[in-house]
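Asks: Chain by chain, the residues:
2 protein chains.
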Amino acid sequence: MQTAADSKLSGTLRGNMMESQLLVIDLLDFGRKTFPQQEIVSRRLEGDIHRYTYADCWRRTNQLGYVLNALGIQAGDCVATLAWNTYRHMELYYAVSGVGAVLHTVNPRLFSEQVEYIINHAEDRYVFVDLGFVELLEEIQERLPTVRGYIVLTDEANMPNTSLPNVLCYETLLDAQKEQYAWPRFDENSAASLCYTSGTTGNPKGVLYSHRALVLHAQATVSRALLDMDSDTVLLPMVAMYHASAWGAPYAAPLAGSKLVLPGKGMDGASMWELIESERVTVGLGVPTIWLTLHNYLAEQNITETPLERVCVGGAASPIGMVRAFAERYQVYWQPIWGMTETAPLATSLPPTAALMALPAEERYALQTTAGRAAFGVEMEIFDADDQPVAHDGSSSGELRVRGPWICRQYYKNDDLSSFPNGWLATGDIAVIDEQGYMRVVDRKKDVIKSGGEWISSLEIENIVSLHEAVNECAVVGVKHPKWDERPLLLVVLNKNMQADADDILAYLNGKIAKWWLPDAVEFVTELPKTGTGKVRKNELRYAYFHYLTKQGTAS
Amino acid sequence: MQTAADSKLSGTLRGNMMESQLLVIDLLDFGRKTFPQQEIVSRRLEGDIHRYTYADCWRRTNQLGYVLNALGIQAGDCVATLAWNTYRHMELYYAVSGVGAVLHTVNPRLFSEQVEYIINHAEDRYVFVDLGFVELLEEIQERLPTVRGYIVLTDEANMPNTSLPNVLCYETLLDAQKEQYAWPRFDENSAASLCYTSGTTGNPKGVLYSHRALVLHAQATVSRALLDMDSDTVLLPMVAMYHASAWGAPYAAPLAGSKLVLPGKGMDGASMWELIESERVTVGLGVPTIWLTLHNYLAEQNITETPLERVCVGGAASPIGMVRAFAERYQVYWQPIWGMTETAPLATSLPPTAALMALPAEERYALQTTAGRAAFGVEMEIFDADDQPVAHDGSSSGELRVRGPWICRQYYKNDDLSSFPNGWLATGDIAVIDEQGYMRVVDRKKDVIKSGGEWISSLEIENIVSLHEAVNECAVVGVKHPKWDERPLLLVVLNKNMQADADDILAYLNGKIAKWWLPDAVEFVTELPKTGTGKVRKNELRYAYFHYLTKQGTAS
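Those protein sequence lines, which keep their order, are chains A and B. 18 is the number of the first residue of the first sequence in the working numbering; add one for each residue after it. 18 is the number of the first residue of the second sequence in the working numbering; add one for each residue after it.
Simulated from the structure, these hints should not be mistaken for laboratory data. A portion of the hints provided could be inaccurate.
When chains are identical, the list treats them as one kind, so a pair holds in a single copy or across two.
[As the list claims (entries may be wrong)] Dumping the calculated SDA-like pairs for lysine to any residue here, alpha-carbon to alpha-carbon at most 25 Å:
id, residue 1, residue 2
1, K462, G551
2, K552, T214
3, K195, A408
4, K513, G551
5, K50, A375
6, K50, F400
7, K50, D192
8, K547, R461
9, K50, L373
10, K50, S413
11, K195, E396
Whenever a hint applies, use it, and build me the whole structure from the sequences.
Replies: Put into C-alpha cells, the structure is as follows:
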C-alpha cells in the first residue's frame, strides 16, 4: 500500500457511500451497546480490586467529557496522563480523544528531564496523574508553563498532600457531572493520541496517532491475524497504558467485547498470578521479560495449571526456550508479535491456526521465534544499504521498513524525515523475510556487532544461549577489539540454584553458530539493566563493558 | 456515526499517520501473499469442476489488468458482467476495480428491458458474459450504444456461435498477457463497483460502492460479529455474485484466507449437496429458500450428516421451523443476517457465541429468528411516521434506518433523496429493537397489512405457520376487503405426501396471534413465485389474489 499522495488518479468516479468517520469514541460506544455487562477489572493504586462494566465505563466517560469541557479543553489541545493500567486511565483514553482533544500518555519511567521535555513539547494543558507519580511532577512543575492544573486520579479521601498548584480530585470532578454527553463528530484524520518514543540518543520523539489509525488498528488487533479476541477472551495487558497504548488493548477490548483485566502497577509475579487465577485470564500481553517473571514465580510455587491459553509477546525476540517452556510446562501458546510505537504498535503476529498447531512441535517452536506475518493493512519490505529491496528467501537480511494506515509518517513537530525514506517507516530492525512471508528480526540495526567488516547477530546468539538449562537471561553486546573493531561479549544471568561456567556455555554454542560468531568472553551477572518497558538496555551494557576485552587482556 | 459533513470540527490537529488508502485489490494481494495455496473451487459453466489457488487467481487477475488496459478501459469507466459464481467472475471483481474502473454486476434475472436500462444507465463500455447469458444480450445488443464489445467467459473451444458484435474470448485474451501488473494507487473513496436494486415500481436504482466501503465491509464480514471467517473456513456462497456481491464473499475470503467454493449456476439441491460433501463446506450463505431446497433434498435422500457448521441466512426472515430443523436434524447453526444492496450488504448478525449457545434451545431459536445485532460501523435506529426515534423496548416498531461507512447515501445518477432522510438510509423495513440491541424485522413497509387502520405483520403469521409439520412454505399478503380495507390471505405449499386443510392451519394459529390477525382465508398452492434471489414475490401474489375475498364471497 503506497500513500495516496504519490499517485492519485484524476477523473475517477467517487462512490456514493456515506462519509461516516472512524472515531475512537465509537469503539467504546459499540462495546457498551453490544456487551453492556462485560467487565473491566482493575487493581487500583489505592490497593483494592475495582470492577465495573462497559455500561459503567461509558457512563463515567460521558461525565469525564463534561469535566474536560469545564476545564476549558479545546479540540486539538493535548492532555497528559501519568498513570498505570486502570479503569480511570481507560476513561481518559476515550473522553480526551472523544471531545476532540489529544491524549498524551507520558511514560513516567523516563528521566524527569525527559518528562519535562515532552510535556513542554506537547504543550499539555492539564495532567491527570496517578497516586505515586505526584512527586515526579512536583520536581518539575515550575518548568511546565503550559500546564494549567493537575488532576489526581483518586477520590477525596485519598488525595495526597502536594505542592502542585491547581490540584483537583478526579472523582470529585466526575461526581458533579451529567451522564449523557453529546460526542462531537469530526474528521477521522484528526489527532487522537500522542506517545513519545525514547531513543538512546537525542530527545524523545512524538508519534501523533489519528482516530482513523487507532480504529483501523483496533479492527486489525481483534482479528484472527493478530490478537484474535472475542467476548470469551479475558485479556490482561501486562504492557503499560503509558507506552504504545498497552498495545491498543483499551481500544480493542470493547470492539471484541472482551473482559479487560488491568493490573494497575502490579507487574511482579505474585500480583500478576493473583489476577490471572482469580479473573480466569485467557490471553496476556507482555514483553518476554514479563513472561520470564511469571515463569520464575510459577516455578518457585510449583504451579503448572493456569487458565491462560495464550501469551502474546513482543518488544523483544522470543527465546525458543520460553516458547517451549510455555507450551510444554503450561500448555500455553506463546504468540509472537512485532511492532513499535511508530506502528500503533501491532503489525505482525503468528496466531495459532489449525495448520500451525498441526506441525511437529519443534518446527512450530521455530516459527514461534519469528515475528509471524504482516496483518492486512501492513506492507513490509526489507532493504539493503543502497535502498534496494532484498529477496524474501529466509536468509538475506536488510533493514525492515513498513507502511500502512496506522504507521507514522513523521514525528510530531519534527522536520527530520530520516526515519521515513520514500514513504516508508525505517524501523531500525534488521530482518529476514521468507517465501511464506514470515519475518524474523535478526537484530536491531544498532545492536548488530560489526566484526572485521562482517555482521554478527547478537539476537541469534542470545536465542541459543537462552536454551541452556542453567541460563535465566542473557545478552550479547559488541565491545571494543583492537583487531576486529568489535567482538561479541556474552552476559549471563543463571537460574537460581544452577551453575555453569564460561566453558560450559561456549561448548553449548559450539557447532550451533559459525565459529567466528563465538563470543570472546562470558561474564556472569546477577541481573540485566532494563528499560521501563522491560527491554534490556544494551546501550548501557555496551558502555559499561566497552573496554572489557582490552582491559582483561583476552583479545587475541 | 454521523457523516463527517454535518459537524466538522475546525482547527483540530491532524494525526501524523500515513495516508494509505483502503483499496479492493489489497484484499486479494493479502490473500495471495498470506495464504497462497488456499483453494478456490468452481463449478464451471462448461460443466466440470475447476480448482486453483489464491496464487493462481492473483496471476490471472494481473493478466486481466493488462487485458482491461488493452481494451482501453479508463479509470471511472463501468464494465459489466453477466455471470454466475465462478473464478473468472472473481478475477473480474479484482481486476476491474483494481485498474480504477467500476465493476457493474448485472443481474441476468431482471427483465430484458431492465438489463437494457441498467447497462445504458451505467454507460458500460464492455460486457463480460457467461455461457448461457449470451442469448439475453443478443436480444438487446442493438440498443446498447455505449457497449464496445462482449467478452465470453470461456475458452476458444467453447466459444458460442453468436450474433453479438465484437465478440472476444476471455481465455484467449488472458493468455496473451504478462503476469506482473503494477496496480495503481488512488483515493479510497473512488467507485469500485455498482449494483442495481430492482424495486417493485420504477426503474432499477444503482448503488455505487467505494473501495473504502468494500474494504471496511470485508473487515467487518470476516469478524466474529458477522461471518467469523478464518483459514479453516470453507465458504459456499449460494447467493449470486451478480447481486450484492454474493454478500461480499469474494472480498472477504482472501482477507480471511478461507477456501472459497463457487457453485456456478448450480442452485439445486443435488448440485449444492455434491459440493458441500466433496469440498467439506463448513459455512454456507443463502436466503431461507436455498436452505429449504437443501433441507428438502437431504430429507428425500435421508441424509442427516453434513460437514456444514453454519448456514448464514438473510434476504428474508428466518422461520423458526427451519432454525430448529437445522439445529436438531443436522447440528447446523442457522445464523441470521440482515442487510440489503444499499448496505454492501451485511449490517447485522447473530454469531454463535459461547453465551448464546449456553441458552436453553428454545430461547436460542427465538433469538435466531431476529436479525441479531449491528456490526461495528453500522448504526441503526427505528423511527415513527413523524421521524421521531422509537424506544428500543422489543415491542415498539418503526421504520429501520441505518448509517455507516459502507451504506449508500444516494443512488447513482439519481436526485431522488427520499430514501435518505437526514443522513440515514431508510430501509423500508419495519422493525423492533430490544434493550440488548437485537433487531427484528416485523415486516416490509409495503407488505404490512393495513386492516381497519391497524397493522398486521405478514411475517409474524408466516413464522408461526411455517412451524406446522405439514407446511413447506407459506406467504401472507393483504388483499382487498370491503369493510377493513385489507385483510390477510394465507397461501400455503404443503410438504410432499402430507395433508392439511384450512381449518387445521387456522386452528394451529389460534391462540398464537391476536384473533383479529387470523387470516380470512387459506389457499393451497403448489409453489410460490420467487425473485432471482429467492425471495417470494409478494407484489405478484397481491396482484393475483387482490380480489380473492370479494370474489369468493368470504368477506364478513
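Asks: So, for every hint listed, does it hold in this structure?
Replies: Right, here's what the structure says about each hint:
With identical chains, the CA atoms of K462 and G551 are at most 25 Å apart within one copy only, with a shortest distance of 19 Å there and 60 Å across copies. Taking the shortest alpha-carbon separations for K552 and T214, only the intra-copy value of 13 Å comes in at or below 25 Å, while the best inter-copy value is 57 Å. When the C-alpha separation of K195 and A408 is checked against a cutoff of 25 Å, the pair qualifies only between copies, where the shortest distance is 21 Å, while the shortest distance within a copy is 59 Å. In this assembly of identical chains, the alpha carbons of K513 and G551 lie at most 25 Å apart only when taken from the same copy (20 Å versus 70 Å across copies).
With identical chains, the CA atoms of K50 and A375 are at most 25 Å apart between copies only, with a shortest distance of 21 Å across copies and 38 Å within one. In this assembly of identical chains, K50 and F400 lie within 25 Å of each other by CA distance solely across copies; the values are 19 Å between and 46 Å within a copy. Taking CA atoms no more than 25 Å apart as the test, K50 paired with D192 passes inside one copy only; the shortest distance there is 23 Å, against 53 Å between copies. Taking identical chains as interchangeable, the C-alpha atoms of K547 and R461 lie at most 25 Å apart only when both belong to the same chain, with a minimum of 16 Å there against 64 Å between chains.
Taking identical chains as interchangeable, the C-alpha atoms of K50 and L373 lie at most 25 Å apart only when they sit on different chains, with a minimum of 17 Å there against 35 Å within one chain. For the identical chains of this complex, K50 and S413 are inter-copy neighbours only, at 19 Å across copies versus 49 Å inside a copy, given an alpha-carbon limit of 25 Å. Taking the closest pair of Cα atoms, K195 and E396 come within 25 Å of each other only across two copies (24 Å); inside a single copy the shortest separation is 45 Å, beyond that limit.
The structure shown violates none of the earlier numbered hints.
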